[in-house]
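**Q** Assemble the whole structure, with the sequences as input and the hints as a guide.
Residue strings, one per chain:
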Amino acid sequence: MKNSHHQRLGLPNLGLGVGLRNQHFAYLMRNDPQVDWFEIISENFIDNFGFARHVLERMASIRPIVMHGVSLSIGSTDPLDWNYLQSLKTLADFVQPRWISDHLCWTGVANVNTHDLLPLPLTEESLGHVVQRVRQVQDYLERPLILENPSTYLEFKESTLNEWEFLSELVNETGCGLLLDVNNVYVSSHNHGFDPEHYIRSLPHASIVQLHIAGPTDCGQYLVDTHDQPVPARVWRLYKLAQELTGGVSTLLEWDANIPDFPDLVLELRKAETVIQGVIPDAPLHQTVAQLVSNPVDFQLVSA
Amino acid sequence: MMTEQPLALTQLWMKTVLTERGSLAEKLQTATQQHGLSIEEVVAAKRDLSAQTRLNIYASGYVARLLECMRADFPVLRRFTGESVFDAFAKAYIVTEPSHSPSLFDLGAGFPRFLEETKPANSEGIEELSALLDVPAEIARLERARTEVMRARGTEGDPSLTASFSPFEVFTSDLRVQATPCLRLLESKFSLVDFFDENQSQHPKQRPSFVAIGRADYHVHVKEIENWQFAFLRACESPVSAHVAARAAAEESGTEPSFVLAQLVLWLPVAVQFGFLIKEIPHGANRHHHNHE
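Those protein sequences? They're chains H and S, same order as listed. Using this note's numbering, the letters of the first sequence map in sequence onto residues 409 to 712. Using this note's numbering, the letters of the second sequence map in sequence onto residues 4 to 296.
Don't take every hint at face value.
[As the list claims (entries may be wrong)] Covered stretches of chain S (in silico footprint by chain H; criterion: 3 or more residues with CB under 8 Å from a CB of chain H, positions within the stretch not fixed): (1) 37-47; (2) 57-71; (3) 100-109; (4) 199-213.
[To be verified] Distance condition first, Cα-Cα at most 30 Å in a straight line; then the derived BS3-like pairs of lysine-lysine: (5) S:192 - S:94; (6) S:49 - H:565; (7) S:49 - H:648; (8) S:226 - S:208; (9) S:122 - S:94; (10) S:192 - S:226.
Don't read these hints as lab results, they were simulated from the structure. Note that CB positions come from ideal geometry on N, CA and C, so glycine has one too.
**A** Shown next as structure tokens:
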């Protein structure tokens, strides 16, 4: 999986990683991590000087860390939150992450944070707005920002661009990187009726720095990005396609609710190795009749 | 061909739909009144899934998501009130006081005050019932303080800060002490600490109590302490001579300085063990003096 240095914005392929979650702290302090790298939710560690910081310091000393945020709100029409960005930079100085990522979304406006990853109208106006803010953030952080495609449940009537077109233009204009969440592509493609493979094929593959995989839930009329199930076969197929098109990029298994024990999480992650060899796990899509919360926040809870 | 709405207007409209009170129909009515947009103008309906159903995934998820956070932050209060009453309190708080912070850690910060401000008026002549109305806010205040201590700067990582006191060191005139940066002190009208034990089902009794919350070796200690101990720790917020702090504690708690000094012989090592107190940090030592707030 050797790539030219132009791929992934010159950032390394870290291999297979998982999110660093409270539920696994005790295990990880006593056992070998068994994974190649960890992704942290930046907000969980900003201004946190308790045991979580201690665990992070230990993990950062033995494995690469990537910072993944949920509050940048790059698409909001509120001014950028410079206090938040300063905290992010301070944490980055401590962690020395391989890169910093967040989502193509907005989380609130008028100084209210909904703590959700809300979709943007995909228009030229939105694109210009996000381009200008990505440039500001990159200048401040002194590194490329890596942006993830979110799961979405609605589209705006005024949208004139497809999401892959929007992301491609954003990359062209700013030089930012992409965190391609193939599960989110699958969820959104189901909810909006587009071809997920066409989406992935249409992206600028050299700018894809990282992949997310996760298990969503079928609620009957729509899919919800629940991060609480094994990765279904249909998402694994998209993952294989993405790895082929990118030439190999870092993979992160997201599991944020009903989190399994760490060894079981690693077993699920390791399936990625067989998928690349063409063996797709025969995992069904989880179904429920219950109404579920999109973008769960269990992984951000203090007592979780 | 429809007219393109400014991005800011679309976001304000959607924020209103998500965060306003009421059913989806009521939220939409409020959003239309405030921003002059209807759902038909904003949200596309596709694949037999209506615009209302799509928008409701976000609208219903807003409160549900933040309610989960509140439940995780206040488990003791949930045990006291029961799940349905807690949910009613928490939903009212979420809708009344939306989050303004990028961190979910800040979400519950105003909950104790909210409970205090919104409790029913006291029942005249039924003193016991009136007092009971104060318990939720008091429990929430202690739970919030415990959460803050969990994340605050502590003394871990520097063994020199947690060196114990020798038994009679307090009688030397130059012993200087200070509270740990994570220490929180609370006064309550109720005996709250026992109720924080999961196995303790008896409700808090109405009696004054003093509580210290500290952290040592990443273990949070919530302890009921004596009046003089509370006064002593409060006197130690800044580095201070143990004798000066003892005199202040004696005056505030109505005891003699000699009594406090004698008690300190046994209690200072305990205070260090629970992460309440340390010897003064030498001048110039690399140390942060402020908590995360």
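**Q** Keeping to a limit of 30 Å between CA atoms, is the pair of residue 192 (chain S) and residue 226 (chain S) held or broken?
**A** It holds: about 15 Å lies between the C-alpha atoms, which stays within 30 Å.
**Q** Holds or violated: residue 226 (chain S) with residue 208 (chain S), Cα cutoff 30 Å?
**A** Holds, at about 16 Å.
**Q** Holds or violated: are the alpha carbons of residue 49 (chain S) and residue 648 (chain H) at most 30 Å from each other?
**A** 29 Å, holds
**Q** Are there three or more residues in the region 199-213 of chain S whose C-beta lies within less than 8 Å of some C-beta in chain H?
**A** violated (count 0)
**Q** Taking a Cβ-Cβ distance under 8 Å as contact, does the region 100-109 of chain S have three or more residues in contact with chain H?
**A** holds (count 8)
**Q** Has the given pair, residue 192 (chain S) with residue 94 (chain S), been kept, meaning a C-alpha gap of at most 30 Å?
**A** Holds: residue 192 (chain S) and residue 94 (chain S) sit about 26 Å apart, inside 30 Å.
**Q** Would you mind confirming whether the straight-line C-alpha gap from residue 122 (chain S) to residue 94 (chain S) stays at or under 30 Å?
**A** Answer holds: residue 122 (chain S) to residue 94 (chain S) is near 15 Å, not above 30 Å.
**Q** Are three or more residues of the region 37-47 of chain S within 8 Å, CB to CB, of chain H?
**A** holds (count 4)
**Q** Given as covered by chain H, does the region 57-71 of chain S meet the bar of three residues or more with CB within less than 8 Å?
**A** The restraint on the region 57-71 of chain S holds, since 11 of its residues have a Cβ under 8 Å from chain H and three suffice.
**Q** Take the C-alpha atoms of residue 49 (chain S) and residue 565 (chain H), compute the straight-line distance between them, and say whether it is at most 30 Å.
**A** Distance of about 11 Å is within 30 Å: holds.
Comparing the model with each numbered hint stated earlier shows that hint 4 is the single one that does not hold.
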